[in-house]
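Chemist: Construct all of the structure, not just a fragment, from the sequences and the given hints.
Number of protein chains: 4
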Amino acid sequence: MATTEKLISGQTVALHNSRESCWIIVHGKVYDVTDFLDDHPGGSRIILKYAGKDATAAYDPIHPPDAITTNLTPDKHLGAVEPDTVEKEEIIITAEEIARQKRVDSRPPLSEILNLHDFEAIAKDVMHEKAWAYYSSAADDEITNRENHAAFHRIWFRPRILRDVTQVDWSTTILGQKSSMPLYITATALGKLGHPDGELNLTRAAAKHGIIQMIPTLASCSFDEIVDAAQPGQNQFLQLYVNKDRAITKRIVEHAEERGIKGLFITVDAPQLGRREKDMRQKFEAEDPSEVSKSGQQSGVDRSQGAARAISSFIDPSLSWADLKWFKSITKMPLILKGVQCWEDALEAYDNNMAGVVLSNHGGRQLDFARSGIEILVEVVTKLKEKRGLTFPNEKFQLFVDGGVRRATDVLKAVALGATAVGVGRPFLYAYSSYGADGMDKALQILHDEFEMNMRLLGARSMKEVVPEMVDASNIHTHIVAVPSDNLYESNYERLQGARLKELQAKL
Amino acid sequence: MATTEKLISGQTVALHNSRESCWIIVHGKVYDVTDFLDDHPGGSRIILKYAGKDATAAYDPIHPPDAITTNLTPDKHLGAVEPDTVEKEEIIITAEEIARQKRVDSRPPLSEILNLHDFEAIAKDVMHEKAWAYYSSAADDEITNRENHAAFHRIWFRPRILRDVTQVDWSTTILGQKSSMPLYITATALGKLGHPDGELNLTRAAAKHGIIQMIPTLASCSFDEIVDAAQPGQNQFLQLYVNKDRAITKRIVEHAEERGIKGLFITVDAPQLGRREKDMRQKFEAEDPSEVSKSGQQSGVDRSQGAARAISSFIDPSLSWADLKWFKSITKMPLILKGVQCWEDALEAYDNNMAGVVLSNHGGRQLDFARSGIEILVEVVTKLKEKRGLTFPNEKFQLFVDGGVRRATDVLKAVALGATAVGVGRPFLYAYSSYGADGMDKALQILHDEFEMNMRLLGARSMKEVVPEMVDASNIHTHIVAVPSDNLYESNYERLQGARLKELQAKL
Amino acid sequence: MATTEKLISGQTVALHNSRESCWIIVHGKVYDVTDFLDDHPGGSRIILKYAGKDATAAYDPIHPPDAITTNLTPDKHLGAVEPDTVEKEEIIITAEEIARQKRVDSRPPLSEILNLHDFEAIAKDVMHEKAWAYYSSAADDEITNRENHAAFHRIWFRPRILRDVTQVDWSTTILGQKSSMPLYITATALGKLGHPDGELNLTRAAAKHGIIQMIPTLASCSFDEIVDAAQPGQNQFLQLYVNKDRAITKRIVEHAEERGIKGLFITVDAPQLGRREKDMRQKFEAEDPSEVSKSGQQSGVDRSQGAARAISSFIDPSLSWADLKWFKSITKMPLILKGVQCWEDALEAYDNNMAGVVLSNHGGRQLDFARSGIEILVEVVTKLKEKRGLTFPNEKFQLFVDGGVRRATDVLKAVALGATAVGVGRPFLYAYSSYGADGMDKALQILHDEFEMNMRLLGARSMKEVVPEMVDASNIHTHIVAVPSDNLYESNYERLQGARLKELQAKL
Amino acid sequence: MATTEKLISGQTVALHNSRESCWIIVHGKVYDVTDFLDDHPGGSRIILKYAGKDATAAYDPIHPPDAITTNLTPDKHLGAVEPDTVEKEEIIITAEEIARQKRVDSRPPLSEILNLHDFEAIAKDVMHEKAWAYYSSAADDEITNRENHAAFHRIWFRPRILRDVTQVDWSTTILGQKSSMPLYITATALGKLGHPDGELNLTRAAAKHGIIQMIPTLASCSFDEIVDAAQPGQNQFLQLYVNKDRAITKRIVEHAEERGIKGLFITVDAPQLGRREKDMRQKFEAEDPSEVSKSGQQSGVDRSQGAARAISSFIDPSLSWADLKWFKSITKMPLILKGVQCWEDALEAYDNNMAGVVLSNHGGRQLDFARSGIEILVEVVTKLKEKRGLTFPNEKFQLFVDGGVRRATDVLKAVALGATAVGVGRPFLYAYSSYGADGMDKALQILHDEFEMNMRLLGARSMKEVVPEMVDASNIHTHIVAVPSDNLYESNYERLQGARLKELQAKL
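Residue numbers (the UniProt record's numbering), protein chains in the order written: chain X, 1 to 508; chain W, 1 to 508; chain G, 1 to 508; chain D, 1 to 508.
Among the hints, erroneous ones may be present.
Below, in silico cross-link-like pairs of lysine-lysine (DSSO-like), each with a Cα-Cα straight-line distance of 30 Å or less [as the list claims (entries may be wrong)]: (1) G:Lys325 with D:Lys464; (2) X:Lys262 with X:Lys332; (3) G:Lys383 with W:Lys383; (4) W:Lys442 with G:Lys502; (5) D:Lys442 with G:Lys49; (6) D:Lys124 with D:Lys192; (7) W:Lys250 with W:Lys332; (8) W:Lys464 with X:Lys244; (9) W:Lys464 with X:Lys387; (10) X:Lys88 with X:Lys49; (11) X:Lys29 with X:Lys76; (12) W:Lys442 with X:Lys49; (13) D:Lys383 with G:Lys383; (14) G:Lys464 with G:Lys396; (15) X:Lys262 with X:Lys250; (16) G:Lys130 with D:Lys124; (17) X:Lys250 with X:Lys76.
Chain W is faced by these chain X residues, among others (derived, beta-carbon under 7 Å) [claimed, not checked]: (18) Ile122; (19) Met280; (20) Pro317; (21) Ser320; (22) Trp321; (23) Gln341; (24) Ala482; (25) Arg495; (26) Leu496.
Derived by calculation from the structure, the hints in this document are not laboratory data.
For every residue, glycine included, the Cβ atom is placed at its ideal position computed from N, Cα and C.
Modeler: See below:
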């Protein structure tokens, strides 16, 4: 190593193993994190577990590589650790992990994966429990999370016949950029939880299939890693959590514009990240309950809040309409508000010269009982027509929807109702979490197949022909709950029994 | 003992062990209850079980301490029992009780309790069966009971974005008194069934968290015990069942006003307490069936009616609008009618100068197929606007709702629709029944957390900003039942099966 | 025996055991049924099983005592059998019957029966399988059968408060006759299948509780037996299936009027009795399948059609509006059409001077997807107001409803919507099938208790105060079926799991 | 053999067992398919499995007899195989097949089959897995497939009474031809998968019962075989997939007209056959997964697409309205468009002088979330009345519906709403797949019985009396999905438990 960096032995590091003096090793560098303990978004406890030790394996899946250097002042960068002086942690492979590995080996061949649901089924079986809990969890009772998918089921098709559908074309233009499908990869955090290559899996598949990736603020890979991985001419967007320190935000935005980012999606539905109880509960069950109860009282940031809270404390809850002018002043990138949930705010965004809005409830991870994006779309299209004479899809003010998409038919419903494109998140995470880069490639191939088929069956040869008359969405606003069941009546009712084979009759 | 009280030996008491002469011991005092047997609201049988014995353990959980002294004339107070002369009942700890104790020991640490549902899940496991049956049961087929919760699911949010939500404040004012949340602890009977401290658990937590407790007429603790337990400045309401003997009611009301009670909630939905069959059935199963069938014919009050009937025979079914003037004449406390279920009666209450109404169906414990309070709220707000020009929330005529609340989002829906505050009952009983005072404290802490989160996500910085436009309640009046299922068709349909791991395929 | 009746030995009878010469013994009398074989509504096969033998045990539960004498000409009445000459059939008590008897012995004491559902639960366990199948079965997929109950669940209450409900009175007047409740015992066939006393169980309980019994044409007891069992002053109605031979019908009607029947309910929804597949399937399973398949081809009347078809071939499918005048000409009894299913026919009935109509689909036993009586009621009340200015309940033209009633609240909903009274059928069959006469007595007592309770809770002191404003029936016409479920999505969704006891966590 | 056909020994054929030279034997003839391998719609792999061998057993169930001679030029017809020189394949009867045969032997006698559902239940048990998968599968999540049946459940009857229904007649006229019922056998592919006689089972039963069969383009039997099997005077229709090569189509149409076909149903909803994942997945599971994954990459046509894709590559996706004139020019047969799914296209068909349209979504096998035919019917009748003044049923422009029919009541609902007749497909396949020709006969007998019964109960004596007022279809357009369930609340709710026998109580 050619620099003057100081070399520190593992034994020395090992002495600093307490709250009073806490050093850790990450990627071969030694850091003094004693003063940082209480500022750690994930709480002090998780750091103390690695006090005096090598924390790289735990650090990697949930931090971008530069997180530690950005957060610690240079004087806390103590130097490099002397090679081979760190005591090797005996790696104990748990019975659970062995079972998980066996499940990984039992995955069906990729050729048997027929749809996006299938990736999720396999991912649930082969992912680390914590990773699955983090990706799949949603707010409170997860009503909105499931409603996102269910809402598409209230929309039905009115296909047209006897049109020459030999050639069908489902490519489109999103914020002025070509896309081979009317969808984009939306931003989701902590991509390495599912696979060591993290978000790069998405970047590579996006390049191959000609679609656009939205880079998340909370990526596991660094922003530059992801941009560097793009092919020449490949377009990317950036999702932005606005920092309490606007200087940091300014730096990020300007850097993104320099690196060629084609659209800035400002998240507006997360002044505070939601409680995801499935994620929180998973943590308890994975650890020693007695310790949990003790530590619950001690640490400043309650570790029990799960990964989401841990990584998000920097987000500014004071962000407001007034800030939008400032954004316009620091960048020429198109600005889109991500997380709009009623027509009033969509109108406000339009009047504030935004380039569009994403009608989204954050995948059901924020406010439970928030309505689905596809439902809000119907309201927004109606009202912006009424108030400003707009028609959709609209080049000048584009509407996007995300949440609950699993089939090309879901996307086509959104387009028919006025969306320019649809964001897809979790299904792609599950695709690469279950089968790596090949999985993500296959996922996009499946969508292409579904688009081709369904465009033909709809009688639409291009996105322009996917029109409102092709869907019946008249029940989109119907939120019904059946009258609670009459358990006594039902337990008395003897279900009708059809014809059965003779031995079955004998058995019963 | 300095009084002149007579001392009676346990042996003497033991001689009076029959219907002809029945003495019992309660808290060390001997009472002659022979003449009272047929007047006992709970039936004679349960007393005769303790004839000649110490009945304290059975008496305590369902009677306020002064119940026996109030109901027996002084000449039936025979004196104190001589210490150490009562034959100790051999306490047989049943296998069931041992199992229950084991379940108590297996409770997860309180830090793992994430929401109000969790208390209920634990309470169901650790409570005495009878106590659980009494708390959880509701009328007839329990349709209304479940509808109370389900109705909230027909209301969805329309959150607003880009408002500075750094500071959010969910405190409010209820009948002129400060409350740290837009909810109060509503009245529920027999608090000691769940925990020896009974209603005092609620009093203490209310003090700590700055919310208001409504003291029930049918508390296990005496009214004065509960008032005495309050902190200086702590506000309490009183729930009132009106006695057939108005002199008793007058005494209660005047005493309450003297003790500083801030609002009188007159229950108007219970001229007779409802049949709660789950409670009734539990009783049969817990006892010897042959005895039950015999006694069923004998006792004047059918013991099989469960705890609710036993304790409520004094309630006056003749209570009517005409009585309200009398109430105004005996107290200056704000008068609120608890149990209003249609706009016509809410209007009548307003015209009778009430301070407000609680839109409630008594937790589903009275008339089955009564509508939920949250549904009635929508009707009342609309009609009182139409008929009297009122808008809500309204200082002069306050609307409250109770029944089915489990999340802060439920409360916020009610506030958005015009309620001043919401009553919460069973969830708090379950909180202290499962974890005592700490449980109740935690329950309120959870609600605070949920309010903070959801106010931010709604874009509302104070109760004033929680407005009707923030919810879509257009399906609130929809009571649908699905067409009965086609069992033959469904048993023929083979559910679609997704990708599976290979060994699973082999197994099937 | 004082008559000149011929005595025939059992040995002689036993010789006539074939299709060529078939004699049977019923109640000690010998009949030659050779020529009758092909006319037997139940098919020849079942008779041939008893050729040359005593058929009494099989005959009794499904025939009125006089059926055989009515159907055979006197010359086929061969005489009495010589006592003690009939070879005793060795009675083989099957394992199934022993198991059933054990279940009978395990019935909970009657005091534990809390509602009408409970009788059904016990009856299902203790009845003979065939009897249960006959009583419980309904047409096709039994959709209408279950809809009858479900429809009540779409109607919700709007109770009133602060009315003096010390005295509540739920008695009423039906076709000019007093009834202690707004309900009557409707006609159901083959009462002895459930209990040896058959319909007399109903007669006796009706007397005790002051309600009206409608005697069925297809009773197991004879009409006169049932009328004879009535107490002085006890009122009864008659349900009539109109015979192809109007002379028979005339005789029945005139006899009924003579015996004091107070109303004639002409069944109009059964020109042919419905296919009840549960009943039909039960038959196959109870017999030897190979024989069934053979005989299926042979007998003229397909025995596989179940009991309903067997006993109903006399019903006249040509009955029409024109016949009503004839009925008016032969009787002064009030005439009611039973089985009206739309407002057009209710109007026609009114214009034809009927005394009323029963809005009914025959307990779901005829046309599947016929609507429930309670739903039709709403339509009839609206349209007859519109077309003829009628209001309901109406003395001159009374509306009745039957089907699906299990609670007094169901009855009160019907009354609120305009019905004079409601018919209850199966629940009473189950009451006496499970507990005999005591069961039927208890069933009515339960209903009285429910009426008292619910009248108080509704704030209605008499039937007159049970008004339309007390119910919300706005969803009564909503027949919805949920969109078929997304099995792949749902199998991927991991249900939210609440707090659990520790050992449970360990186990999972 | 009298021809000059060359004789080839089995040994010689066996040498040509590779991709380089591939001969196969079908029905005793030898064919060189080497050059055809890549053109085979089913992929090369399946042929190569039989390279050098006798492929007859695999060929038969999915190809009409003349498929191979039509597709290969004469020079590839190499001659006949020398008898007894082909090595007998050792037929290995798998354990699965033995189990299936046992299930076949355990079928209940046909007399126990009570309705069309029953055939399906038995067919599911006794069919070959692949055949079941092909017949039962549908597109994507099979939502539309199940909706087809469910939609009928949103339609309820309004029956009329007191009409003389002694005689009821459910015969009708379809495209000018008599039919004993208002239904026809619609076209379904690959009839031999379910039974060796394939479509001939349908032809024979149609003759016996006086109904019309629509012959499918993709029949397993050849068109002429099916026409030859018809009785004198028996009417048949033809379903047509239009070939990319119009000369072939012209030949088919002209031949059909010559052979007396009475109506030409041009399929317009299948420019590309849908993905049926159940069918596709079945294939994977039936084969060695490792081979599947390998071959997935190699063959040009992905064999994993299932039978549907394999046999349909000839269908022309460019078919358009402009082609209809050409059809009019080549045939005098009535032309009907099969697969119309909105009123706009029905109107267009009318304006193009079609004889009618089939409102159909291809049994749910094409576009998922396409609406049911019965729902589209309501829209078409309303709009064609509005736009062209048409009333229905209409001789000049007939409306047909297919999909989801299981009961005569389903058919009657369609007729009441304006359909001339209804197409029934899968139920008849299941009828003969489970019981051969007798099953199909019984299926039609059951329908006759149901029609007779339900016409009587509806009060309709002929098809003319089955009118719109007899149904309530007001909810037909309601596509609702319940709000996702609250799992935590529901797991806490303790279901009400009714009375139980004592030993059951003890057990719990």
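Chemist: Hint by hint, note whether the structure agrees.
Modeler: Here is what the structure says about each hint:
Restraint check: the Cα-Cα separation between Lys325 (chain G) and Lys464 (chain D) comes to about 28 Å, which is no more than 30 Å; the hinted pair holds. For a cut-off of 30 Å, the pair hint linking Lys262 (chain X) to Lys332 (chain X) stands: about 9 Å separates their Cα positions. For the given pair, Lys383 (chain G) sits about 28 Å from Lys383 (chain W) by alpha-carbon distance, which is consistent with the 30 Å threshold. Distance hint between Lys442 (chain W) and Lys502 (chain G) is fulfilled; the C-alpha atoms sit about 19 Å from each other, no more than 30 Å.
Restraint check: the Cα-Cα separation between Lys442 (chain D) and Lys49 (chain G) comes to about 28 Å, which is no more than 30 Å; the hinted pair holds. The straight-line distance between the Cα atoms of Lys124 (chain D) and Lys192 (chain D) is roughly 16 Å, inside the 30 Å bound, and the hint therefore holds. At most 30 Å may separate the alpha-carbon atoms for a hinted pair to count; Lys250 (chain W) and Lys332 (chain W) meet this at roughly 13 Å. Among the hinted pairs, Lys464 (chain W) with Lys244 (chain X) is consistent with the structure: their alpha-carbon atoms are about 27 Å apart, no more than 30 Å.
Distance restraint check for Lys464 (chain W) and Lys387 (chain X): the Cα-Cα separation of roughly 27 Å lies within the 30 Å cut-off, and the hinted pair is therefore satisfied. A distance of roughly 15 Å separates the Cα atoms of Lys88 (chain X) and Lys49 (chain X); the hinted pair therefore holds under the 30 Å criterion. With a CA separation close to 11 Å, the supplied pair Lys29 (chain X) and Lys76 (chain X) stays within the 30 Å bound. Our distance criterion of 30 Å between C-alpha atoms is met by Lys442 (chain W) and Lys49 (chain X), whose separation comes to about 28 Å.
A threshold of 30 Å between alpha carbons decides the hint, and for Lys383 (chain D) with Lys383 (chain G) the separation of about 28 Å falls inside it, so the pair holds. A threshold of 30 Å between alpha carbons decides the hint, and for Lys464 (chain G) with Lys396 (chain G) the separation of about 16 Å falls inside it, so the pair holds. Annotation: proposed proximity of Lys262 (chain X) to Lys250 (chain X) holds, straight-line Cα distance about 16 Å (limit 30 Å). The suggested pairing of Lys130 (chain G) with Lys124 (chain D) holds, with an alpha-carbon distance near 29 Å, which does not exceed 30 Å.
Straight-line distance between C-alpha atoms of Lys250 (chain X) and Lys76 (chain X) comes to about 26 Å, which keeps the hinted pair within the 30 Å bound. Restraint check, Ile122 (chain X) versus chain W: the minimum CB separation of about 6 Å is within 7 Å; hint holds. Hint on Met280 (chain X) holds. Least Cβ distance to chain W is approximately 6 Å, under the 7 Å limit. Against a cut-off of 7 Å between C-beta atoms, the interface hint on Pro317 (chain X) holds, since the closest Cβ of chain W lies about 5 Å away.
Because the beta carbon of Ser320 (chain X) sits about 5 Å from the nearest beta carbon in chain W, less than 7 Å, this interface hint is met. For the restraint placing Trp321 (chain X) at the interface with chain W, the shortest Cβ-Cβ distance is roughly 5 Å, inside the 7 Å limit, so the hint holds. At about 5 Å, the closest approach between the beta carbon of Gln341 (chain X) and any beta carbon in chain W falls short of 7 Å, and the interface hint on this residue holds. About 6 Å separates the beta-carbon of Ala482 (chain X) from the nearest beta-carbon of chain W, less than 7 Å, and the hint is met.
Checking Arg495 (chain X) against chain W: minimum C-beta separation of about 5 Å stays under 7 Å; hint holds. A cut of 7 Å between beta carbons decides the hint on Leu496 (chain X): the least distance to chain W is about 5 Å, and the hint holds.
Of the numbered hints stated above, none is contradicted by the structure.
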